[in-house]
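K.L.:
Once you have looked at the hints, place chain H on chain L.
Protein chains: 2
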Amino acid sequence: MDIVIIGSGNVAAVLGRKFKAAGHQIVQIYSRNASAASELAYEWDTESTNYKILINKNADVYLIAVNDDAIDDVLNELKLPGKVVAHTAASVLKEVLKTVTEHYGVFYPLQSLRKEMVNLPDVPIFFDGSDEKAKHILATLAHSISAEKVVEAGDDARVKLHVAAVVVSNLVNHLYTLAEDYCRKEGLDFKQLLPLIEETAFRLRETSPKLAQTGPAVRHDAETIHKHLDLLKNHPQLKNIYVLLTESIQQTK
Amino acid sequence: MDIVIIGSGNVAAVLGRKFKAAGHQIVQIYSRNASAASELAYEWDTESTNYKILINKNADVYLIAVNDDAIDDVLNELKLPGKVVAHTAASVLKEVLKTVTEHYGVFYPLQSLRKEMVNLPDVPIFFDGSDEKAKHILATLAHSISAEKVVEAGDDARVKLHVAAVVVSNLVNHLYTLAEDYCRKEGLDFKQLLPLIEETAFRLRETSPKLAQTGPAVRHDAETIHKHLDLLKNHPQLKNIYVLLTESIQQTK
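These protein sequences, in sequence, are chains L and H.
Per our numbering, the first sequence starts with residue 1191, numbered consecutively.
Per our numbering, the second sequence starts with residue 1191, numbered consecutively.
Just so you know, not all the hints are guaranteed correct.
As the list claims (entries may be wrong) - Using 25 Å as the maximum straight-line C-alpha spacing, the simulated SDA-like pairs for lysine to any residue come out as follows:
| hint | chain 1 | residue 1 | chain 2 | residue 2 |
| --- | --- | --- | --- | --- |
| 1 | L | Lys-1400 | H | Ala-1347 |
| 2 | H | Lys-1288 | H | Thr-1330 |
| 3 | H | Lys-1339 | L | Arg-1374 |
| 4 | L | Lys-1305 | L | Arg-1207 |
| 5 | L | Lys-1381 | H | Arg-1304 |
| 6 | H | Lys-1400 | L | Leu-1384 |
| 7 | L | Lys-1429 | H | Ala-1347 |
To be verified - Listed next, with one range per pair, are the computed distances between beta-carbon atoms:
| hint | chain 1 | residue 1 | chain 2 | residue 2 | range |
| --- | --- | --- | --- | --- | --- |
| 8 | L | Lys-1381 | H | Lys-1323 | 26 to 32 Å |
| 9 | H | Lys-1305 | L | Glu-1292 | 53 to 59 Å |
| 10 | H | Thr-1330 | L | Val-1433 | 37 to 43 Å |
| 11 | L | Lys-1242 | H | Asn-1200 | 55 to 61 Å |
| 12 | H | Asp-1379 | L | Lys-1381 | 29 to 35 Å |
| 13 | L | Gly-1344 | H | Asn-1257 | 45 to 51 Å |
The set of hints was computed from the structure by calculation and includes no laboratory data.
All C-beta atoms, glycine included, are put in the ideal place defined by N, C-alpha and C.
Next up, chain L with everything else stripped away, as it sits in the complex:
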């Protein structure tokens, strides 16, 4: 397919690379950030623009991959009648696109994407469309880059899924951050924890996390917990979270 990408951030960059690798043509990148756009355009051997009126009108699909708070700005005065237009935002309703075209939808990648990625990870795609044409084109595009993980999901399911994604990615990453900070202050090497971190994530392929719960909290091992809280006395932020999550583990049935 011929694709115009609107945006030049992490999601635009990684999805664009996946599209190229799948044999699609990226005919243009539009972004307010002219230098980021021209860098991606160079990488993909295509053209870029930062003028909305110069957006190419002959593509099959237009993918709007910009920050939530920039979407309104992009949509203002944008008219692409007859074209399929989708945004990539978890928390934005698909209807915001109805002033642009009758064939609109969502193309939400449930993954943490960063421009710097060398190896592109699996990216489950949750798509939605206003009509059969939008659904068909977006599903086809999704299957071309994510063979096994393509799910049709409406606004409601997508927004709910985003909450879970925040928990298992953003909140989990914050625990990693606090542990790294603790290790640095205590003269320990955080990198030595990586095999444990990876195993804790990977075993979920085989085991429910509920069944895999181990450690002093679930064992009600008060002696170890008190020893740990004593060791955390100079780390009040982490100590506070350690207490709350320990209590929550013990309350879980």
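P.N.:
Chain H in isolation, oriented as in the chain L frame:
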């Protein structure tokens, strides 16, 4: 080396398999749990006993891999003069072994180990010894099963490391558990989050978690946060943790 394994739980089972795979001989398993011990003895083509006085006195190393609260019981009346004896417990001082032998130490695997594991993960080993003989034997044993990740660490460092391990494994796993529960109640498929969970863990090989932090909290995206808290109104346990960790992310400098 000739090894006697004391204990028949997760750590005993996985370390024993690693020792066998590295070409060591497991000459005996001692455990109060006779059926678990005889199962492992069958797997490893060796003998088992649940009588302490029948513990083989001719091995090179004795590894005590039992729950923290069972160690005292195992040590009572145990005498293995001239032998190297180590326990695998993060939070137990090595000196508890000094009544057993003069060559004692610790052999702590920094990993979440489960008997059911088919593929044995990387297991960094933190060892400590009371003298050169204990250190040399335990270091050699560690290198034979964990080529690159062997670290000498005293009681103090090991106990501190255990705190970090609890944070990145037990506390993180609890977030997975709450997310799984939320997904089930909301009719979502938790398995669809696995690529995101794995990427969040794996990217730590290249990136500090602090630099990788994304999401509504760090963006101070109050609109999305409020939307999420509203969606969590029937999940008070997760909502409480979502709020606390969101505040903690926003306080992190």
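K.L.:
If you test the structure against every hint from before, which numbers come out violated?
P.N.:
1
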